[in-house]
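J.: Taken in order, these protein sequences are the chains called A and B. So for the first sequence, our numbering puts the first residue at 1; every next one is plus one. So for the second sequence, our numbering puts the first residue at 1; every next one is plus one.
Careful: at least some of the hints might be erroneous.
[As the list claims (entries may be wrong)] Now the stretches of chain A that chain B is said to cover, found in silico as 3 or more residues with beta-carbon under 8 angstroms:
1. 15-23
2. 385-396
3. 440-447
[Unchecked claim] Just a sample of chain B residues kept apart from chain A, beta carbon distances all over 12 angstroms, derived:
4. 133
5. 139
6. 170
7. 256
Rather than coming from a laboratory, the hints here were simulated on the basis of the structure. Ideal Cβ placement from N, Cα and C applies to all residues, glycine included.
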Amino acid sequence: MSSTSPYDYSGTFRERSRVSVEAPAMRSAIAVAVDNQAVGREAGYTSLVDHQGLREVAARIRDHNLSHLDRHLERLTETWEAAGGEVFFASDAAEACGYVLDLAKRSEVRTAVKSKSMVTEEIGLNRAFEDAGIEPIETDLGQYIVQMAGEPPSHIVAPSIHKSQEDVTELFSRIAGTRLPNDAVALTRFARDRLRERFLTAEMGVSGVNLAVADEGTLTLVTNEGNGRMCVSMPRVHVAIMGMERVVWDFDQLAVILNLLARSNTGQKLSQYTSLVHGPRRAGEADGPEETHLVILDNGRSNILGTRYQEALRCIRCGACLNVCPVFRQAGGHAYDPVYSGPIGAVITPLLKNTQQAHELPHASTLCGACTEVCPVKIPLHDLLLYLRQDHAHEAAPLERMSYRLWSRAWATPRRFAWFRRGAALIGSVTRGRPVRRLPLPLMNRWTKGRALPPFPRKSKTER
Amino acid sequence: MGPRSAGEEDELDKVTLFPTCLVSLLFPDAARAARRVLERAGVAVEMAEDAVCCGQPAWNSGHVEEARRVAEGAVHALADGGDVVLCSGSCTTMVSHYWPELFEGTDDQQLATEVAERAHEFSSFVVDEVGVERLGPLRAVAPSAAVYHDSCHMLRGLGIKDAPRRLLAAIEGLEVRELGAQERCCGFGGTFSIRYPELSSVMADEKVDDIIGHEAAEVIGSDSGCLMQICGRAQARGVNLPGRYIAEVVAAAIDAGG
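Excised from the complex, chain A in its bound form:
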C-alpha cells in the first residue's frame, strides 16, 4: 500500500477543482454530508444557553493561550514529564519525523497504528514510516478509507467526505477480493475486523492532540469510534504529535472549548469518546503504554505569532468552516493543499508553506463570510483571506497586475469611465437589448464560459 496520491497537485486551484466540478456524484456526496452536519450543528448550538457568548469566551481563551504560549508550553513540558512522559520540540517536519523514526527503530516497531491526525499529514509521517520499512495503519474509518484508496484526506475532520457509500463498497470489495454488500454496517464491520488484529500486534500507537492541558499534563483526544483510545493504550509505545498552538491552560478552559468543538462539527454535545491521556502506565496499572512521547511541532507556526494572522492559530480544527463554505462544497478538499483544505486551509497553508500554489489558495473564496460567521473561536477568516491576497498581490501574473493598473487609470476619472459606458451602450445597440451569450473580449469570455451576460443598456446614462 502506498500513500502516493492519484491527484496531481502541480496545477492551479482552477485545474484541480475540475476533478470535482466535472464529477456531480462527488459534489453530491459532499453536499449530503455537509448538509447533515448543518442540521446537527444547528441543533447542537440551540442546546447552548448562550452560543454567541460562549464563542466570545472561547476566542478570548484561545487569545490568552497564544499570547502566553511560551509559558503554556513550558508548563506542559513540566507536567507531562512529571507524569512520566517525554517531550520533544520539533522545529520542522523533518525533525518531527526524525524523532518518531528513531524512537520506532529503538523500539523495533514494524507496525504503527494511527489515530486520525492532520498534523501527521502535515509532516508526511506515513511516507516517512513507509520509507523506513514500517507499516502505518490508519484506524479512523474515514482515514482508513482514504489510505486504502491511496488518497490524502479531503476534509480535516471527515477525511473521505468526497466518497459515496458506493465508492467505499467498490474499494473494500477490491481489498477483500470478494463482493461486499453496499451496506454501511457490513462495510464498517469489514474495516473493524481488519483493524482489530492490527491494534493487538502494533508496537507503536500514534495520535494527534486535540488540546493539551498545560497545568495538568493531560492530552485530550476527541474521537467517535474509540480507535483513538485503542491507539494510545494498546501498543507498548505511544507518540502524540501536536501543533504548538494546541494548548489550553487548565480544565476550565478545556471545558469551554470542548463544549463548542463537537457541536461545531457533528452537532454532538460531546463526541462519543473524549479521552484524557496522562502519561504512561503506572506501577500497579493493568494496561497502558510503557512509554509516552509528546512531539510539539512548530513548522512555521511561530512565524505567525505577533502578526495580523495570529488569530488563525486560535483554530481548534472543528471543520465547521469547511462545512459551510460554498466553494469547498463544490470544489472538494482535494482542490486545496493535500493537508488543510477549506477556508482555514486557505489561510494557514500559505502561512506555513511558501509556494506559489499555496499563495493562490486565498483567492479560492467568494469572501462570503459564512466561515467567519460559524467559526466557534471567531477567527475573521474572510478578512485574513483578503490580507493574504494583499500580501501576495505583487506575485500575481504580469497580465493581472497590468490589467489592474490599466483599469485603475481608466476608472479613476468619470471622463474616462464614460468611454466604457458608451462602449456598453454600443454593444446594447448592436445586440438590441437581448442577453449576450458570447462576448469575445478578454475577461468577458471567461464570464460567458458558464453564464450569459445580461442585455446591455442602449442608453449610457442613469440620468432621466
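Add chain B to chain A, keeping to what the hints say.
T.: Using the frame of chain A, we list chain B on its own:
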C-alpha cells in the same frame, strides 16, 4: 434609528445616490428606479455618476494601490452633503467597512471615514431612515411569487436582513418565498467569477435550482452582480429566470399602486 417623523423631513430633503460602477455600466435602470422611489418619498436625489466606483474589484483581489486610485475619485465626488445611498449592498460594505482601512495614513483618511459614516444601502435607507409608509400604496403589477436573494456582504458584512424583506412585504400582491439554503452564496464573488468560471457556475446552479424549486417567477436582489450571476447562469442553461434590483420592483409597485 427608526423612521424620522414629519417634523424632521428637512434633514432628509436631499441625498446623494451613488449608482456604483456595475449599475452605471450595465444596469442604469436600477439607479433610475432607486431615484424614483426616493423622490416618491419626498427625498431630493442627486445622482453621483461621477463617483464611478468604490474600488472593490481591486481591493478584493489584494491590489490596494489600484483600489485606492479608483476610490479616491469616489471619495471626492461624495465629499459634500449628507446621506449617501448606494445601489449595491456589496459596495456599501466596501465604503462603510473597508474605506477607513483603505485610506489609512493618506490625506483622504478623514474624508473617507466621514463618507463611510454617511453611507447607506438602498433598502435599509428606505425602511429605516425614510419609512416605507412615505412611499404610498404599493401594488404588484400582477399577483406573483418571487425569491429575495441575500447578497453575502450585505447580509454578513452589514448585517442587513430584515430591511429588504420589510420593503417587499409592503407591496400588495407580491409573495416573497424563502429558499432552502437562503443564505448560501451564489458563487459570484466579483473577480472570483472570472478567476474560477467553472466552479463559480456550478455554485450558481444550486441557487438556480433552489429558486426554480420554489416556483418563483423572478429573483429580486440588492446586488446587480449576484443577479447577473444567477440569471446569467439560468439563461445559459436555457432556463427563463428574470431578476430585478429591489428598487425596480418597488418603483413598478409605486406606478401600479397609483
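J.: Now, for every hint given, state plainly whether the structure supports it.
T.: Hints versus structure:
no., hint, verdict
1, 15-23, "holds (count 3)"
2, 385-396, "holds (count 8)"
3, 440-447, "holds (count 3)"
4, 133, "holds (26 angstroms)"
5, 139, "holds (23 angstroms)"
6, 170, "holds (25 angstroms)"
7, 256, "holds (20 angstroms)"
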